[in-house]
Amino acid sequence: MPGITREEVAHLARLARLELKGEELDHFAGQLDDIIGAVARVSEVADQDVPPTSHPLPLTNVMRADEVRPSLTPAQALSGAPAQEQQRFKVPQILGED
Amino acid sequence: MTVTDLVSYEDALASYDPVMGLEVHVELGTKTKMFCGCSTELKQDANSQTCPVCLGLPGALPVVNEIGVESAIKIGLALHCEIADWCRFARKNYFYPDMPKNFQTSQYDEPIAFNGYLDVQLEDGEIFRVEIERAHMEEDTGKSTHVGGATGRIHGASHSLLDYNRAGIPLIEIVTKPIEGAGARAPEVAKAYVAELRELIKALGVSEARMEMGQMRCDVNLSLRPNGTEKFGTRSETKNVNSLRSVERAARFEIQRHAAVLSSGGTIVQETRHFHEEDGSTTAGRIKDNAEDYRYFPEPDLVPVAPARDWVEELRKGLPELPRLRRARLKEDWGVSEHDMQSILNAGAVDLIVATIEAGAPADQARKWWMGELARNANETGRGLDELPITPAQVARVAALVAAGDLNDKLARQVIEGVLAGEGDPDTVVEKRGLKVVSDEGALSTAVDEAIAGNAAIADKIRGGKVAAAGALVGAVMKATRGQADAARVRELILEKLGVEG
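Heads up: the sequence lines are chains A and B, in that order.
Taken in order, the first sequence gives residues 1 to 98; the numbers are from the UniProt record's numbering.
Taken in order, the second sequence gives residues 1 to 502; the numbers are from the UniProt record's numbering.
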């Protein structure tokens with residue numbers, strides 16, 4: 001039976017680095033369960049002859065030639081960065097790794 | 001730093017049987033990244049090779065690099081793998097600033113190549129078959145610099161700086177099946193496998209595979225099980241072991257460390273380990289608990305790759321001779337021992353010698369110059385043989401001048417020295433330095449006459465039958481001609497003039 005439990009939502013929240021309170025977990029678990037249930041109805045109409053699909057278009061092998069195209073300038077690349085230093089993106093201390 | 005307990009290698013092997021898994025990442029030599037047209041050139045200005053796709057900006061759409069796919073298929077075929085009829089990319093989700101998208105585009109349960117093997121040759125000539133689980137396409141991450149820590153490590157850093165030039169460069173990850181049955185030779189097998197794989201990648205022309213440049217990186221997974229048992233023990237994963245020697249040392253160290261833990265009744269923790277070049281040790285990194293969850297799912301922005309069978313067969317036909325077989329053939333052709341061939345391989349001289357022979361030099365001459373004078377110079381100047389400013393064609397020219405009698409070995413060495421010093425090609429150096437063997441019989445004859453006249457006592461000895469004494473006169477003539485005479489011809493002339501049979 002498809003669906004999602006409160007524990008699974010808490011796990012996903014942790015993986016996504018989202019801090020959710022108890023009542024938020026209850027709330028989202030309910031909503032997400034509804035959404036998943038709605039999407040799951042698709043498999044009710046899909047019979048054995050319909051293979052699972054990850055792409056809506058019947059396309060394969062869309063490739064490009066190995067030719068260099070202009071990149072952004074470093075200034076353009078960094079223009080959206082909240083912080084920068086030495087022409088690099090500056091990020092807070094990385095925790096959880098040695 | 002805590003001291004890690006080790007047992008001796010011999011003791012470890014007396015009780016335990018090592019099982020290894022090797023994961024090798026190869027950075028492809030494509031001009032552009034895997035999913036966008038940014039250049040892959042190394043050592044460029046920070047963040048000068050990025051675009052909305054590799055920065056993961058909203059709305060950007062990736063498109064696969066054709067040569068990236070072709071290279072993956074070539075690698076798969078050379079490793080005797082099956083090539084998927086149809087496969088997809090997948091998102092590997094994780095939060096770490098080295099990937100601005102917050103996921104790495106990789107392949108999950110549908111690798112482009114799977115089920116192969118690579119035969120590697122150990123030092124005593126034994127062939128060991130390493131089974132290949134899979135080879136899949138993915139992309140490299142950006143480069144982090146940690147600021148504020150003691151030694152540039154994450155530990156104690158106040159913040160990190162990211163350069164995304166490398167983010168998105170095509171990678172092929174090649175994963176072995178568990179390597180069993182190598183016993184005490186496991187470290188040697190690991191090294192031989194990575195060495196052979198590197199040769200193969202280079203022969204395919206898909207990457208230069210320079211480990212010192214990070215173009216090829218190896219993770220060594222290792223576990224021990226008590227001798228005579230089947231079930232695998234818990235493994236450690238030593239990350240980023242980036243030289244052939246290090247691969248061997250890391251495997252050896254982990255065998256000794258695991259054995260020490262297990263034999264004292266402890267348990268091995270499944271964790272990543274960091275390898276230290278300085279002393280060949282490893283230290284604990286991240287513990288791999290079950291919380292690791294990458295939530296792979298099919299990449300919706302890329303359509304499946306379905307390599308046409310005729311394309312695959314065409315690529316198969318174009319595969320080069322396997323490096324191991326090529327080496328065996330060359331060893332035969334050149335008439336050298338297994339040991340000499342290994343030295344040639346270690347020196348990185350195989351292709352240079354082949355090119356020199358193709359440029360007209362006899363095999364023994366080509367080998368002699370590259371493995372002698374040139375290897376010495378490369379060693380002294382800390383360069384690779386292929387970085388020396390001399391071409392195989394120039395070496396072949398020197399060999400030709402020697403063969404024609406225009407140069408002797410001593411002069412040839414001076415010519416090579418001149419070429420390396422940037423004085424021009426061999427003929428120019430000969431010209432400029434005036435390095436020709438004196439072949440003018442008149443001039444030689446005069447020099448010989450003078451030497452005989454100046455060394456009457458020695459000349460008498462020779463007349464009296466002490467032919468060996470001729471060496472002293474040859475030396476005198478060579479000195480008089482500043483080494484530019486053909487010593488064999490000088491000797492002939494001396495004996496002739498003194499009426500003695502050589």
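None of these hints come from the bench; they were simulated from the model.
Each hint should be verified, as a subset may be incorrect.
Quick look at which bits of chain A chain B covers, simulated, 3 or more residues with Cβ under 8 Å [said to hold, decoys possible]:
#, segment
1, 30-44
2, 78-92
Which chain B residues stay away from chain A? Per the calculated CB distances, all over 10 Å, these [what the hints assert, rightly or not]:
#, residue
3, T32
4, I67
5, D109
6, E230
These figures come from a predicted structure and were not determined experimentally.
Don't be surprised by glycine CBs; every beta carbon is placed ideally from N, CA and C.
Each hint tested on the structure:
Only residues whose beta carbon comes within less than 8 Å of a beta carbon in chain B count, and the segment 30-44 of chain A has 0; fewer than three means the coverage is violated. Residue count for the segment 78-92 of chain A with a Cβ under 8 Å from a Cβ of chain B: 10. That meets the three needed, and the coverage hint holds. The non-interface label for T32(B) is inconsistent with chain A: the shortest C-beta to C-beta separation is roughly 5 Å, within 10 Å. Separation of I67(B) from chain A is inadequate, the least Cβ-Cβ distance of about 4 Å not exceeding the 10 Å criterion.
Non-interface status of D109(B) relative to chain A is upheld: no Cβ of that chain comes within 10 Å, the nearest being about 12 Å off. Remark: the non-interface label on E230(B) is consistent with the geometry, its nearest Cβ contact in chain A lying 34 Å away (cut-off 10 Å).
Hint violations for this structure: numbers 1, 3, 4, all remaining hints satisfied.
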